[in-house]
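Make the full structure from the sequences, and use the hints.
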Amino acid sequence: MQSQLRALREQRGWSQAALAERVGVSRQTINAIETGKYDPSLPLAFRLARLFEQPIESIFSPQEDAP
Amino acid sequence: MFCSQPRNRRAFVLASSVYVTTLLSSVALLRWLQPAASLRWVLALLPLVGIALMARAMLDEFRASDELEQRIELTAVALATLTLTMGAFTLGLLVSADLLHVSAKAVLIWLLPTYVLLYSAARMFAVRRYR
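So the sequence lines, in the order shown, correspond to chains A and B. Residue numbers are given in our numbering: position 57 of the first sequence equals residue 57, and the series is strictly consecutive. Take the position in the second sequence, starting the count at 1, then add 1000; the result is the number in our numbering.
Since the hints were made in silico from the structure, they are not lab data. You can take every hint at face value.
If you only want the chain B side, here are some residues facing chain A, beta carbon under 8 Å, derived: (1) ASP1066; (2) GLU1067; (3) TYR1130.
For each residue, glycine too, the CB sits at the ideal point set by N, CA and C.
So, in structure tokens, the structure goes:
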């Protein structure tokens, strides 16, 4: 999964820890999502989308080689 | 499990202390007192109090952790369980074929410490995967 999370977070000037606190997860989780090592659950993806006021599909998109 | 919540960490340290104390007391009392059968049951099972408290602290920590941490814990538990059961089964096959002679008492006692070691190694592996 590719995500625009890092760009959106940096636009707002938030640290990973600050974003993590806002959506109720650990900083490691935000870092793992941003580096593409972890795909968030649907509830977490919705929380992030609501926070950034964007549709989920504009934040997360499947990788090109994904089925 | 590595407790991130201070409350759970305190509970885990307390539970570990209870476990060590009851284990040492149980072994010492069984050896020195040579108690009757009913008291032997109580003394032999005494360390379970500490184990139960540790299990509760671990479950509280698991419930309080976020989705990635839960995935890491579940991966570690699955890897440790698979390794331990496969190891135990392999040992059983070798013992059944009279190729190895292992004390059942030693195997049963070392089951939990081995599981804890395997879980710790598996957790380090799982954490590295998501770092």
